[in-house]
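A.B. asks: In case you want the letters, here they are:
Protein chains: 2
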Amino acid sequence: MSPKITTELLKQLRQAMKSPKYVQEPVQAYIVPSGDAHQSEYIAPCDCRRAFISGFDGSAGTAIVTEQHAAMWTDGRYFLQAAHQMDNNWTLMKMGLKDTPTQEDWLVSVLPEGSKVGVDPFIIPADQWKRMSKALKSAGHDLVPVKENLIDTIWADCPQRPCKPLITLDLSYTGVSWRDKILALRSKMAERKVLWFVVTALDEVAWLFNLRGSDVEYNPVFFAYAIIGMNTIRLFIDGDRVMDPAVREHLQLDSTLEPEFKIQVVPYGSILTELQAVGAGLSPREKVWLSDKASYALTEAVPKAYRYLTPYTPICIAKAVKNASETDGMRRAHIKDAVALCELFNWLEKEVPKGTVTEIIAADKAEEFRSQQKDFVELSFATISSTGPNGAIIHYKPVPETNRTLSMNEIYLLDSGAQYKDGTTDVTRTMHFGTPSAYEKECFTYVLKGHIAVSAAIFPNGTKGHLLDSFARSALWDCGLDYLHGTGHGVGSFLNVHEGPCGISYKTFADEPLEAGMIVSDEPGYYEDGSFGIRIENVVLVIPAETKYNFKNRGSLTFEPLTLVPIQTKMIDVNLLTQKECNWVNDYHQKCREVIGAELERQGRHEALQWLIRETEPLKVQ
Amino acid sequence: MSPKITTELLKQLRQAMKSPKYVQEPVQAYIVPSGDAHQSEYIAPCDCRRAFISGFDGSAGTAIVTEQHAAMWTDGRYFLQAAHQMDNNWTLMKMGLKDTPTQEDWLVSVLPEGSKVGVDPFIIPADQWKRMSKALKSAGHDLVPVKENLIDTIWADCPQRPCKPLITLDLSYTGVSWRDKILALRSKMAERKVLWFVVTALDEVAWLFNLRGSDVEYNPVFFAYAIIGMNTIRLFIDGDRVMDPAVREHLQLDSTLEPEFKIQVVPYGSILTELQAVGAGLSPREKVWLSDKASYALTEAVPKAYRYLTPYTPICIAKAVKNASETDGMRRAHIKDAVALCELFNWLEKEVPKGTVTEIIAADKAEEFRSQQKDFVELSFATISSTGPNGAIIHYKPVPETNRTLSMNEIYLLDSGAQYKDGTTDVTRTMHFGTPSAYEKECFTYVLKGHIAVSAAIFPNGTKGHLLDSFARSALWDCGLDYLHGTGHGVGSFLNVHEGPCGISYKTFADEPLEAGMIVSDEPGYYEDGSFGIRIENVVLVIPAETKYNFKNRGSLTFEPLTLVPIQTKMIDVNLLTQKECNWVNDYHQKCREVIGAELERQGRHEALQWLIRETEPLKVQ
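Quick mapping for you: the protein sequence lines, in order, are chains A and B. For what it's worth, our numbering labels the leading residue of the first sequence as 1, then goes sequentially. For what it's worth, our numbering labels the leading residue of the second sequence as 1, then goes sequentially.
Isolated chain A (complex conformation):
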């Protein structure tokens, strides 16, 4: 992978930063966040501005270009990838390391006195704007909104914003109608005494209306906003996709409805002026509810006195707690996904020794097996298919330049998932097709112990996920090993594979307490730069637990793995496991054998079934 040469682009950007065509006064620095106007993690090609200017196309990163410098902040998952993809014009800022300056501190250290720092107000979230603006101001600089996106001005062949057809989801998938979701939202609004709610996150719009799209790869969402009033519903969406009869019927656009459920369809681009109009019509103590991560532009559209900002919206929180239809769907999706992976691993075992399987071929084969399953829609993220040293690049995606051949001598790590109409999957398995070294087995076993420690953890109702993170690290820590990423993220139901407001991470972001019905991943890892990567990931459902004393009736929670794919026992050093951990592995494999075995049988996949039975042999207890 050779880095993108950005000398000319940076020159053009620096010109734009001074051009009266775009800025009233020159800006001495320009910030290029990685998000879109909806603060999406996965973005459409037209929104990949940070990748365009820097070459670094990981999912998280912020670029800042000054007259002299170009710097990129990203986290531990991407240190290697960013270093590979960026040329010498760029300085990599490794977030999470002690000596790495924050963006604000760095700006203050490099900017001449009284500088202006520009940013697209539609791309920067209001909370980030506030923090950065304050820090810059206290050092004598100014953060200024630049209406025209400066990257777009130099991006000659910028792709068009997608506008693909919509998918309607009926009650059997969603469990709750969009009308009932609107009702529940309005009741939350009444509780907080707000009159309007602005839906800015794409997955929240999709969830609210029980619609899905494909405007963004991997995330079944579509470009839209919504403004919900106590008696109005406005959906901001472009294209003739709402002319599709199925969509019209689903949204009851042509029915005679109570006025408070009548959806007004409005052009996507009119959100700012419509919201300004809402803001202008408010009386004192009438409030508009927005996420504090909504864009600065939309937040500013509502006069400050009328804003009601929260880190998580009521939709985000409601969406996280899956109902019975959704968990049933997630279970079905995970069974199909496991079938596909059993097929894949069986196939790999036969093909890898021939020396013809590359990372890309393996990834494609995984997609092929998944696509044979019912209700398959697309992948849920770019497959991480990595062998040997590529495994240490935490969010690696094989490309022809880096593509390695799977062998009998290297660890293979596959982190992949799919969108099915009934659910979203995300699973990582790490395996060896030959004989793993003692050190590889040792590291794998510590990671497994961490995985089990989280999966089997019992904790009181209302515990926040970040309190479980250290359980995943304890076995690694005992030997002086660690990994530079969180342990788990929320998973959507046929929605974004990463979603809030819960997670399991050492970063103490404002996560919401875990409750039964929430779904998160459990994915500790260990990475040895230049050698290998290990990660063991299941998607797990928060369920009530039975405990002896039940926290004085506060209630007990634990996790149930939805992912049912064998964990390679060849990689386990059984001597490092406790009896309890051995039992966990054996029970888990027993369940894989029963549930996935039955489905393999039903689908007539006999060879994969034999593979499953072989791979789920109980560990020999010491």
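Hint data in this document are derived by calculation from the structure and do not stem from the laboratory. Beta carbons are placed, not taken as given, at the ideal position from N, Cα and C, and that holds for glycine. Keep in mind that a hint or two might mislead.
[Claimed, not checked] Just so you have them, the derived chain A footprint on chain B, three or more residues with Cβ under 8 Å:
1. 458 to 464
2. 480 to 489
[To be verified] Here are the simulated BS3-like pairs of lysine-lysine, each with C-alpha atoms no more than 30 Å apart in a straight line:
3. A:K464 <-> B:K580
4. A:K507 <-> B:K98
5. A:K441 <-> B:K580
6. A:K464 <-> B:K94
Fit chain B to the supplied structure of chain A, relying on the hints for placement.
C.D. replies: Structure of chain B alone, referenced to chain A:
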């Protein structure tokens, strides 16, 4: 313990809240925080305003009185105590429970539109003022400073502010001279480009000048402020105590000194006007550094543009990392403390069966044994000597009304500590003088497992203490038990027994990363309301650990127990311990036997030595 009758006092306070003598406009609510003007946790009698108005005298709590209501917010340690001490005029707000409103939310729910909420600006920390003022403003109310403290206006026999002699500490105790501490502080100030630093916390003044006092019970501090400039040192302190020749020599008040080390002694009460003068003399970009927990009054004295506020001051952070002289002193103090406790427990074992030992007698006896040790100064907090149901009152202090007699049938919990000139101690042991029930042993053993899990934890350099909190709970959680307090707090070196900026808690306050030399407590517990309390507490020192892979040279840390007092093996259900946990207990007891045994021998305390040897018999491994 009968509650304080507060009907008349509340009536008087409500009159004061409307009296033009004290307020320009009536205030509809008045906040009585628990701190003093230095945001101290332990306060002088003249500052116990919240206890005076409510009767509740725990160490943490905030009272708010409105025309109709009186409410008290406190945390899990004090739920029972507050309920016992307050009369029916008061509503207890149990912080940490899901349904308990915040002070702001509660005020908004009970106040009439456009209310004014008063508070003493010297008592409320600036960060709390800011949060509360913002919340009130957004609901149409105003937080207003009331210069005259309204409690003082109705407190007829309010005691005088203490002004006791000072103790000077030489280098053998402190390791670093006050001049070098000032130099280090100035270098931190230069790094952050601030010109002035205001020392507002009493323990920070004491630490900086290597002085101690006894103005506040248990905390060896004295009422003072300091303002440090790059070339000036101003110490705000009252009384003739700086006329003491030892103090004058220690501070070199009569020596010819470089001007930048010349200490100007200024009256305590002049801090506000002096700081206002400093603020008025600043040019743009000249800053004054204050803790964001400094009082609102002092913070406001510096114009906003010149303020540099941080959650922890450089003194707080430097003070937390103990140098070799300080850790040596802490070790010595803990050895002496253990000697005293071995004497006590030996004495209790003989006396309790006679039925004559009450909680108060036991606490007094503990103090008597401690006071026999060299360099003993005072206790480091009010001894928690509690038996049976009193043990479930987490910060219980025995008083005649509640005083129970220790018996063969109830669990006894003793949480106590002392100030020695060379260090501060804080230790909790829980024991049974008869035969504990299986359930009591079960709970004790889970608490012990949690204690060991933290004490033996290995973690990478730079880990924040809150990431270790769940280790202390895991064994309890597995059975559906928990405790409603943090697991550990920082401990001063002959200073406050609770100090920042590190700790071990599920509350994700902004704790600083742990580093070698920091000292914290490790004190999980379990409390069964109406029955018993269990807590096992050691003070532990953060030390480098040896690990197989050492976190890629990031460095490994673990804890070394400074407390060396036997843990009652009779209370342990050995079947619930792992082999590793058994070994930990046996190794710990071996060390107690060696180190404390030698000191008991040296002090000729033969009977206590026999007790120690008996109590440190190795656990029988299963």
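A.B. asks: Indicate, hint by hint, whether the structure satisfies it.
C.D. replies: Hint check:
| no. | hint | verdict |
| --- | --- | --- |
| 1 | 458 to 464 | holds (count 4) |
| 2 | 480 to 489 | holds (count 3) |
| 3 | A:K464 <-> B:K580 | holds, 29 Å |
| 4 | A:K507 <-> B:K98 | holds, 23 Å |
| 5 | A:K441 <-> B:K580 | holds, 23 Å |
| 6 | A:K464 <-> B:K94 | holds, 19 Å |
Hint compliance for this structure: no hint is broken.
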